[in-house]
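A.B. asks: With the sequences and hints as input, model every part of the structure.
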Amino acid sequence: MSEGKFTSEDTAESTYQGAEQAVEPTPEPQIQLPLYAEDLRKILPHRYPFFLVDRVTDLTPGKHAAGYKLVTANEPHFTGHFPEYNLMPGVLITEAMAQLGGIAVLTLPKMKNKMPMLAGLDSIRFRGQVRPGDKLDMEVTIDRLRGTMGRGHGIAKVNDEVVCEGSIVFALG
1 MSEGKFTSED
11 TAESTYQGAE
21 QAVEPTPEPQ
31 IQLPLYAEDL
41 RKILPHRYPF
51 FLVDRVTDLT
61 PGKHAAGYKL
71 VTANEPHFTG
81 HFPEYNLMPG
91 VLITEAMAQL
101 GGIAVLTLPK
111 MKNKMPMLAG
121 LDSIRFRGQV
131 RPGDKLDMEV
141 TIDRLRGTMG
151 RGHGIAKVND
161 EVVCEGSIVF
171 ALG
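Each residue of the sequence shown is one higher than the last, beginning at 1 in the numbering used here.
Bear in mind the hints are in silico, worked out from the structure with no lab data behind them. Worth double-checking, as some hints may not be accurate.
No more than 20 Å apart at the CA atoms, straight line, and that leaves these computed lysine to aspartate or glutamate pairs for DMTMM-like [stated by the list, open to error]:
no.: 1; residue 1: 63; residue 2: 39
no.: 2; residue 1: 63; residue 2: 143
no.: 3; residue 1: 63; residue 2: 95
no.: 4; residue 1: 110; residue 2: 143
no.: 5; residue 1: 112; residue 2: 58
no.: 6; residue 1: 63; residue 2: 137
no.: 7; residue 1: 135; residue 2: 58
no.: 8; residue 1: 157; residue 2: 54
no.: 9; residue 1: 135; residue 2: 95
no.: 10; residue 1: 157; residue 2: 58
C.D. replies: In structure tokens:
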């Protein structure tokens, strides 16, 4: 390029070089695992006593999350849900899976600060009990994410035995 003058070749070349740079994919932010409760509170809007994921051990933003909840006898629902034989209510098991799915979705940069809301449950099956002292292991795979709606499939286990599984439909506000 000559000093102070642009030629058509100079302009075309600089435009082409700019296009090459724009095509390069932006790297996904690296997430250090595991994610602890203090990390999860920065992602999810839920708080005690409705914060139902203690740790995330595997995460692919927008696609998959695995984690767990340590179930304790001190949780408020045990005072009224079969007080003589404590069981974690099924609705809270499904909510825990939904929150884990929310973490998978909300870690996508474009979904940051969205409000995840449970919109439906399909084919939920309870296959075992969750009691105080259990570690509730969960996995959620996001099957579909389009606009502000999505669907995931969740599986919850205690001691490698499936206690709950099914599809979770969610909306993002």
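A.B. asks: List, from low to high, the hint numbers that the structure doesn't satisfy.
C.D. replies: Checked against the structure, no hint fails, so every one of them is satisfied.
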